[in-house]
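Engineer: Each chain, letter by letter, is given below.
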Amino acid sequence: MIQFSEVTKRYPGGHEALSSATFSIEQGELVFLTGHSGAGKSTLLKLIAAIERPTSGVVSVNGQNVGRLPQRAIPYLRRNIGLVFQDHKLLFDRNVMENVVLPLDIAGFDRRESLKRARAVIDKVGLLNREKANPISLSGGEQQRLCIARALVSRPALLLADEPTGNLDPGYAADIMSMFRDFHQVGTTLVIATHDERAITALGGRTLHLDHGRIAEATT
Amino acid sequence: MISWLRHQKYALTAALYRLRMQPVSSLLTALAMGVAISLPGGLYLSLANLGQVAGKLPAQPEISLFLDTLASDTHRQAVATRLKQPDIAEAYFVPKDQALAALISSQGLTDIAAGLTQNPLPDAWVVRPQLSSREELARVAHDLAKLPGVAETHLDSLWAERLQAGLSIGRASVWLLAGLFAIALIAISGNAIRAQVLARRDEILVSRLIGATDRHIRRPFLYLGALQGLLGGLAAIGVLAIAGTILRQPVSHLADLYGSSFQLIPPSPLEIATVLVLTTISGWFGAWLTVTRALHQVETAH
Ligand SMILES: Nc1ncnc2c1ncn2[C@@H]1O[C@H](COP(=O)(O)OP(=O)(O)OP(=O)(O)O)[C@@H](O)[C@H]1O
Ligand SMILES: [Mg+2]
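Heads up: the sequence lines are chains A and B, in that order.
Per my numbering, residue 458 is the first one in the first sequence, and the count goes up by one each step.
Per my numbering, residue 95 is the first one in the second sequence, and the count goes up by one each step.
By construction, these hints were calculated from the structure, which means they are not laboratory data.
Yeah, the Cβ is synthetic: ideal placement off N, Cα and C, and Gly gets one too.
Treat the hints with care, since some could be wrong.
To be verified - Simulated restraints, written as ranges between beta carbons of each label pair:
#1 269(B) <-> 468(A): 55 to 63 Å
#2 390(B) <-> 469(A): 32 to 40 Å
#3 118(B) <-> 658(A): 51 to 59 Å
#4 522(A) <-> 125(B): 26 to 34 Å
To be verified - Partial list, computed: chain A residues near chain B (C-beta under 7 Å):
#5 469
#6 485
#7 510
#8 536
#9 544
#10 560
#11 563
All chains, full assembly: derive it from the sequences and hints.
Structural biologist: Next comes the structure, spelled out in structure tokens:
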């Protein structure tokens with residue numbers, strides 16, 4: 458489903474965040490992305506979602522060369538990808554519910570159906586009683602769960618999660634990870650950047666280890 | 095198709111929401127637009143009213159009709175009958191003796207008159223046609239001149255022509271002003287939308303990240319521009335209504351002094367609808383002109 462071949466990403470300023478990365482991820486796989494801070498985990502995820510374009514090499518998703526995708530095709534690529542951002546990227550001018558339905562509004566779903574689906578995922582991440590709250594009033598962990606709910610609401614075939622349990626206490630982290638496992642079991646492809654060793658051992662699956670932008674695969 | 099409708103509905107809802115979220119700036123923008131449009135709108139209404147006053151003025155353009163000195167009684171009778179037709183509002187006969195007497199008394203020509211052996215003036219009619227447009231006056235004058243027994247007709251149309259010329263300058267100015275203020279409207283709308291785009295930076299960037307197309311992001315701003323224009327049009331009509339209310343009393347007082355029952359005429363529903371449609375389109379157009387550039391600015395700044 459995802460192929461990187463000789464992908465290098467150099468940011469303006471010359472810093473090489475990813476160096477000649479080559480690997481592939483099959484449909485339905487669960488892959489953990491580990492590495493020190495600054496190793497290039499977020500960069501790798503952004504390349505998959507065409508948020509960044511590779512300096513050289515080919516990133517392909519579902520057979521499409523994502524780095525060469527014309528601007529107008531990118532939205533349709535992203536609609537099939539659930540994104541959990543390291544910095545959440547929530548909108549503070551609307552409540553929890555409105556944040557979660559946003560991807561469905563964008564895709565042009567029927568509003569009533571959207572609200573129903575949104576309520577179901579909000580329930581799943583344990584925020585049902587905060588449905589009407591403004592995200593600014595949520596704790597860091599709650600904001601993170603909200604971001605996860607927004608990523609899941611469109612039932613994407615591919616979920617990219619950047620430190621999804623970074624701010625969560627162990628109880629919630631385990632809940633979120635088991636949610637991810639459920640998704641994995643119904644065939645969703647997941648790529649999760651995390652430091653959470655416990656989750657990795659609990660869920661199993663493959664680990665891609667990054668060290669200063671270089672891939673070192675390790676299986677646990 | 096259904097999805098298209100949904101997108102439109104979503105955009106309209108989003109636009110209404112944005113309008114509500116910034117009531118003060120929306121109101122100020124609408125007011126700026128309203129004042130701008132009320133200027134050509136007011137001029138237009140003033141002209142319509144002036145045109146109406148002009149139609150009712152007692153001083154009407156007249157046609158002088160001079161009979162042939164040798165005209166037979168049958169011809170004279172035929173002319174009198176012709177002047178009773180509906181395109182003639184009023185006609186009165188001026189016998190040549192009366193005309194001479196009037197001339198002598200008004201010009202002090204007693205000496206010259208005394209030297210005349212016979213009256214050189216012809217019998218005449220003074221005719222006021224039903225309609226006072228220039229073409230109609232010319233047509234009636236030409237018509238009457240062709241009657242047997244009529245020596246010539248003289249069209250006293252200078253006054254009517256001056257009025258028409260004045261009114262047409264006025265009408266041209268209305269269009270000129272309307273054009274200028276439409277540009278102002280587009281600029282006001284464009285500026286308001288630019289500010290809105292910059293204020294909604296986060297929403298735009300996040301929407302992009304989760305799969306919004308250019309069109310999806312642009313659409314609410316276009317609706318917002320159109321709504322803003324519509325509000326501007328309503329504000330203009332409000333301004334004119336207030337002006338009309340203030341002027342009504344003094345105008346009817348002035349009309350009373352002239353013994354006229356003249357009343358200010360308000361704009362027709364069609365005219366109101368036209369203004370609203372034009373302002374809505376201008377608002378939309380202003381948004382369309384700026385939104386793409388503003389979005390680009392937001393995204394590259396990121
Ligand atoms: N937009 C950018 N412009 C310039 N340099 C960048 C940019 N984004 C990331 N970098 C640099 O690229 C390197 C990799 O960054 P990245 O965010 O991928 O790391 P990470 O593995 O996600 O780290 P963390 O665990 O702290 O999130 C870092 O050194 C970072 O400073
Ligand atoms: Mg990161």
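Engineer: For every hint, state whether the structure bears it out.
Structural biologist: Hints versus structure:
1. At roughly 56 Å, the beta-carbon separation of residue 269(B) and residue 468(A) lies within the given 55 to 63 Å, and the hint holds.
2. The given range of 32 to 40 Å is broken by residue 390(B) and residue 469(A), whose C-beta atoms sit roughly 18 Å from each other.
3. Take residue 118(B) and residue 658(A): their Cβ atoms lie about 57 Å apart, and the range 51 to 59 Å holds.
4. Under the hint 26 to 34 Å, the C-beta atoms of residue 522(A) and residue 125(B), about 52 Å apart, miss the expected range.
5. Checking residue 469(A) against chain B: minimum C-beta separation of about 13 Å lies over 7 Å; hint violated.
6. A cut of 7 Å between beta carbons decides the hint on residue 485(A): the least distance to chain B is about 22 Å, and the hint is violated.
7. Contact between residue 510(A) and chain B, as hinted, is not supported at the beta carbon level, the nearest pair being about 14 Å apart and thus beyond 7 Å.
8. Contact between residue 536(A) and chain B, as hinted, is supported at the beta carbon level, the nearest pair being about 4 Å apart and thus within 7 Å.
9. Restraint check, residue 544(A) versus chain B: the minimum CB separation of about 11 Å is more than 7 Å; hint violated.
10. A distance limit of 7 Å between C-beta atoms decides the matter here; for residue 560(A) the minimum to chain B is near 5 Å, and the interface restraint holds.
11. Contact between residue 563(A) and chain B, as hinted, is supported at the beta carbon level, the nearest pair being about 5 Å apart and thus within 7 Å.
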